[in-house]
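One line per chain: the protein sequences are Y and W, in this order.
At position 88 of the first sequence the residue is numbered 77 (the working numbering), and the sequence of numbers has no breaks.
At position 481 of the second sequence the residue is numbered 470 (the working numbering), and the sequence of numbers has no breaks.
Everything labelled a hint here was simulated from the structure, so no lab data went into it.
Be careful, since some hints might not be right.
It does not matter which identical chain is used: a pair holds within one copy or between any two.
No more than 25 angstroms apart at the CA atoms, straight line, and that leaves these computed lysine to any residue pairs for SDA-like [said to hold, decoys possible]: (1) 18 - 248; (2) 18 - 279; (3) 356 - 210; (4) 190 - 392; (5) 190 - -1.
Since the structure is predicted, the reported quantities are computational estimates derived from the model, not experimental observations.
Number of protein chains: 2
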Amino acid sequence: MTTLTDVYRTPLGLLTDLYQVTMAHGYWKTGQAEREAVFHLHFRRHPFGGGYAIAAGLGQALDYLAALRFTEDDRAYLATLTGADGRPLFDPGFLAYLGDLRFTGTIDAVPEGRLVFAHEPLVRVRAPIIQAQLVETALLTLVNFGTLIATKAARICDAARGEPVLELGLRRAQGVDGGLSATRAAWIGGIAGTSNVLAGKLYGIPVRGTHAHSWVMFWGDEPRAFRAYADAMPGNVTLLVDTFDTLDGVRHAIDVGRHLRASGHDLLAVRLDSGDLAHLSIEARRLLDDAGFERTRIVASNDLDEHLMSSLRDQGARIDTWGVGTKLVTGNDQPALGGVYKVGAVADPDVDGGWRYPIKLSEQPIKISTPGIQGVQRITRGGVLVGDVICDALATAPGARVEAWDLEDPTRGFVVAGDAAEPLLVTVMDGGVATAAAASAGDLGAARARAAADLAALSPRTRRHLNPQPYPVGLDATLHQRKLRLVGEARARVAAELAARDAEVGS
Amino acid sequence: MTTLTDVYRTPLGLLTDLYQVTMAHGYWKTGQAEREAVFHLHFRRHPFGGGYAIAAGLGQALDYLAALRFTEDDRAYLATLTGADGRPLFDPGFLAYLGDLRFTGTIDAVPEGRLVFAHEPLVRVRAPIIQAQLVETALLTLVNFGTLIATKAARICDAARGEPVLELGLRRAQGVDGGLSATRAAWIGGIAGTSNVLAGKLYGIPVRGTHAHSWVMFWGDEPRAFRAYADAMPGNVTLLVDTFDTLDGVRHAIDVGRHLRASGHDLLAVRLDSGDLAHLSIEARRLLDDAGFERTRIVASNDLDEHLMSSLRDQGARIDTWGVGTKLVTGNDQPALGGVYKVGAVADPDVDGGWRYPIKLSEQPIKISTPGIQGVQRITRGGVLVGDVICDALATAPGARVEAWDLEDPTRGFVVAGDAAEPLLVTVMDGGVATAAAASAGDLGAARARAAADLAALSPRTRRHLNPQPYPVGLDATLHQRKLRLVGEARARVAAELAARDAEVGS
């Protein structure tokens, strides 16, 4: 039986941008296909104007890589593509090569659930360049979206200040698997449960839910609807009270609560889904307390996000459980993480050290690539995160005191000093085979625990939502100096070419 | 072999919110499961502040309905769920009932690609209430997302004023199927092609693409990289020119263009992906024209959407092909359509006419449900859309001149007068079986043609992006008067109850 999660375990070779396939064809035709290269996946800005992100999506990415294949059907499709000259775009020999292609590379990655910061490699791919290129798009899709939603969930759970958050967004998700993957990532980010039954089954996430307005409309009035529900499922009674009038609805719920108590059960909660949630929750709390239903919880929902939740708390709202849908599963104010995938090194036996380090220029320093094979060393002091250093992975990892240089202002050097250091990336795939570490790196329960632990170890100054204090992240001396040198050389080459063109025009 | 589109053809019974299953359980326990009900899927606000939407997602929804089933595995999972009392949430008899459940209802729906407006039913479900309720979530997911992205695509294609738009968003999509479904919907909305190879294969959409920055970085400089690419695929040469310096890159591309011409090919395009696209495209055009490459196109990309594209056009940008990614496939400024699914009628042999019409109140008129079984009559004059009337589907459909009442201001009546009228909804599933009309309603090529035709028939005043003129949509006399009456009765009942409670407290 096929399920949605199986999708990532099926050959998705064509789940890529066409330019990856045309480049792959180019590498193959020029005899470069098998040359090793190292790519890094990173983002340049923290989502939602925040100060951090939570890595997610790796488990799905590893499933995808392990299953990567171009089926006969896929190759038959590629054979139909033509260029502007009407001739086939791809050589039959290349398509045969694709038929045998498997992912044989090495993946070093940040385990799901760990805090990550702008510029850091979340995934490092070392593989024959043809493979590293073909997998770019899917890796970006999976890691961008997972990381976006895990981060949004953490922010929303922060705004709930320890009260449970339920994710209710499937109906507004971007496609079926948009919904499932969002629930998976939100679970890593800290939600307490979901309405999404399939996510509950596939990922072991607690599922929650009671009834909709339609239940009340079907029965015609709340007394009949609430009573019918309570009789059918007396152990799971949360009543939605706003079909006609919220506070009248609370009174009807209390009536049914008394009926439930008579049979040894209780009214677990009432749910408010419209109107002035601050006022209505305060009044509902008063009615419930006055009637002796102090333990009955108040669940609130209606286009909530971390900002509205904070505002409701400021107004003294008496909300015990937060239902968050659309704005959690889509990211709302930022529906995509802008992760990119850049080549940092190309194997070259003619070069000292065996690696050539390409560079890409830009008018914006933040968009200039970082040449090298990159790791990340995370420095802590007394268990508290004090800074991350992106370091040359071919050198010995630095200790707890490191000089670093800012990526957005390369003139600014600083020292990260703590009492402990650990590498952030772990090897999760080696020669195309998942390592022992992969199971934990992609395990949902472990990921959720890592997110909670990392968030607890993050300074509240960086964790806050408004104008967070930037967390120190820099390049180590090797990467910084190499980058400066290569940027200088590339700019000089461009300037010389432009001067030569001008001279040509002048002559 | 499993593919992503097959997913919709597999049993996705659990792809729903838990409250649908608890309500289903409640209907089953109270002996109401098989009672027929009619639900309508509609949205309340046009997305992106615009004046229209384009229906999409129906084809996927019909696949889902035809395959609906709760597998043994699904039922085993449901059997593990417990209430707060620790007892199983669901009766074994109910789970057995679910095992036999198939969708046996009737679906009337707006064919994909047609223009739709706020308040209109996009999908009408008539089925035993237990079925109608269980399918709510998935129908909303599929139709909300498809409609959102088809609409965004139409707006972006509008801003391109006839020049082709390529969709490049897979890497920033919300999950794998978020990407595929977005491409599918964008094709309906008018894009000319996509980078998404799997979407090309599965949906027959033209695929486009050439090379990334990494290709240039691999070869170390543009002359070598461009030449290698041109030699490998001379019939498909679009060169990305901004790895180091955009205008220097254009000159390198021209050099390779001369080389291509010498072998009977040509430089199809250059692509700009960063910097001041207005200025750079004008300068690139000048360089290309001066060198005799007047037919070489300029492709531009970099976080484009309809607003930025209009601004670039206003600045005189010389862009021939627009590459749009993130902001198209996620909806960006509005990443979810707020479609809802409301019960309009419940079969009741004791009621005159056989249908009872439930209502939901709200402080906002726009959120009050519309009791009845609803169709839509679209009125045109000389082929131009002049207004839609939501009408009682049990009565004879009105002709080309209809009195209607505003849904947001029920005091406002108006007349829609044209020379032709057609029903917007067609029966696509009857007794759980797809009708002959379903094939066309969900066919992508036909949907794309319908979108183009409907957009051409829409007044530019409504089609414009900024402050569009509202398109006339109203309720017919039957629905309007029934709604007023039922709202009045429900409000009176609530008021009487509140008064009785007050009297109780006072006594």
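Have a look at residue 18 and residue 248 and pick one of within, between, both or neither, based on CA distance no larger than 25 angstroms. Between. Shortest inter-copy distance 18 angstroms satisfies the 25 angstroms Cα cut-off; intra-copy 77 angstroms does not.
How would you label the pair residue 190, residue 392 (within, between, both, or neither) given a Cα cut-off of 25 angstroms? neither (48 angstroms within a copy, 51 angstroms between copies)
From the Cα coordinates, with 25 angstroms as the cut-off, is the pair residue 356 and residue 210 best called within, between, both, or neither? Only across copies: residue 356 and residue 210 sit 18 angstroms apart there, 60 angstroms inside one copy, limit 25 angstroms.
Under a CA distance limit of 25 angstroms, which applies to residue 190 and residue -1: within one copy, between copies, both, or neither? both (20 angstroms within a copy, 16 angstroms between copies)
At most 25 angstroms between CA atoms: does that hold for residue 18 and residue 279 within a copy, between copies, both, or neither? Intra 79 angstroms, inter 33 angstroms, cutoff 25 angstroms: neither.
Hints 2 and 4 from the list above are not met by this structure, while the remaining hints are.
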